[in-house]
Amino acid sequence: MADPISSSAVYAIAASGLRAQQSRMRIIAENLANADSTAKTPNGDPYRRQTPVFQPTKVDGGGQGVAMAKVAADQTPFKQEYQPGHPAADANGYVKLPNVEPLVEALDMREAQRSYEANLNVIEAARSMDQGVLDLLKH
Amino acid sequence: MSLDDIPLFSMMKSRMGYVTAREKLISQNVANADTSGFAPKDLKPFTLSGPGTEGTGAGQLALALPSGSGSATGAAGRGGAVLPVRTDPAHLGFNSDSAAAGGWKSITAGDSETKIDGNKVVVEDQMAKLTESRLQYQAVIGFYEKAMDMLKMAGTAPGK
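These protein sequence lines are chains S and H, in that order.
Be aware that the first sequence starts at 1, since it is given in my numbering, and climbs by one per residue.
Be aware that the second sequence starts at 1, since it is given in my numbering, and climbs by one per residue.
In isolation and in its complexed conformation, chain H is listed as follows:
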């Protein structure tokens, strides 16, 4: 069992991947802040499902049975255990490998002004985004630390 099997950890990993990818885009925007005709990019808002994970239908709660014929995807490769199936991107996933693999969708997101040479990067806006993603990253690190403390506590004998 790896840490990724704990939904909280895989969610945090996915979030850190997202913030890192976003920071890379910001660095591209800032580097090209004086390139004529350049339009800045940003990532689509963060979703827990990550890229490539599609739900079977929003809002439905389905349970995959080990002997199920059609929809037993959740039970595949898990020794026939009964597992809940993710039918909504907001559900806690049991396998978020696809989210951790990166590949977040980037979109062109012009800033508040366009320069006369067609450049749409406003350095101030990018700096704000940069600080925002730095804080988000630090928040995840904080959560990670707390979660590790929790695991440690679970592994410590009572009273020790």
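Next up, chain S with everything else stripped away, as it sits in the complex:
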């Protein structure tokens, strides 16, 4: 007799989406914070940009939520800059800089924000539907 599909699964799925986007924001913050982190010695590698990899994941109550499956290193080549006095400069005076592009990070951040809002919208819709059923009791 009870409703076969409980909307609690909806909350669990949307919450997994919120969590994933939050993790993504953390990665973006790491990338931006380290946008200028070079190596300390010559021939050393600077900070390498990280990218989150999302994957559908089962959540409690059944259904496919999402989770950050792993954080992969961005394989784009490093930027180079001529700074002969830098401790990380090679024999020719070039320093390897992180492959972080602040503009890309800013766009990524906005996308994460939008997705986060979309998941919040889902929770709000589920809440208002549940509220409608509860309001039946008032009559």
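Worth double-checking, as some hints may not be accurate.
[Claimed, not checked] EDC-like cross-link-like pairs, simulated, lysine to aspartate or glutamate; straight-line CA separation at most 20 angstroms:
{"hint": "1", "chain 1": "H", "residue 1": "129", "chain 2": "S", "residue 2": "130"}
{"hint": "2", "chain 1": "S", "residue 1": "138", "chain 2": "H", "residue 2": "149"}
{"hint": "3", "chain 1": "H", "residue 1": "129", "chain 2": "S", "residue 2": "117"}
{"hint": "4", "chain 1": "S", "residue 1": "70", "chain 2": "H", "residue 2": "117"}
{"hint": "5", "chain 1": "H", "residue 1": "115", "chain 2": "S", "residue 2": "111"}
{"hint": "6", "chain 1": "H", "residue 1": "146", "chain 2": "S", "residue 2": "135"}
{"hint": "7", "chain 1": "H", "residue 1": "146", "chain 2": "H", "residue 2": "4"}
{"hint": "8", "chain 1": "H", "residue 1": "44", "chain 2": "H", "residue 2": "125"}
{"hint": "9", "chain 1": "H", "residue 1": "115", "chain 2": "S", "residue 2": "105"}
Note that these hints are calculated values from the structure, not bench results.
With chain S held as given, fit chain H onto it using these hints.
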């Protein structure tokens, strides 16, 4: 007698189950809006028959007789009463338990664009679907309320 024995109520319950199931799929799509290669899902359009209910033949009107040999399925377990048999999914059902049990068929339904990583979810499309199902759910709740009022009216003495 339960409320489900009233066709209107079982139909509404089936509809609410459908909308809830659809909302769950939408929430999955939105959660995976940035998962590479993910294709969104949606439910097949709503039918009153629900899953697992098959008609014996479209458009035929048959009446099950209590002593009928072959096609008296409608009379089974109802004390030999004469009941109409559902021969079309659009007929009002006398037993829609199978529809209320959920299990709606989901299909892969890509949105209007595909991203470069193979993800086919467009958040805007999903938000539109979400609002649509929310309104549908509220409509059913409204009908439910009216139907309950009607029952209440039937149970109230005249003039009271």
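Hint check:
no.	hint	result
1	129/H <-> 130/S	17 angstroms, holds
2	138/S <-> 149/H	12 angstroms, holds
3	129/H <-> 117/S	16 angstroms, holds
4	70/S <-> 117/H	16 angstroms, holds
5	115/H <-> 111/S	13 angstroms, holds
6	146/H <-> 135/S	13 angstroms, holds
7	146/H <-> 4/H	16 angstroms, holds
8	44/H <-> 125/H	17 angstroms, holds
9	115/H <-> 105/S	18 angstroms, holds
Hint compliance for this structure: no hint is broken.
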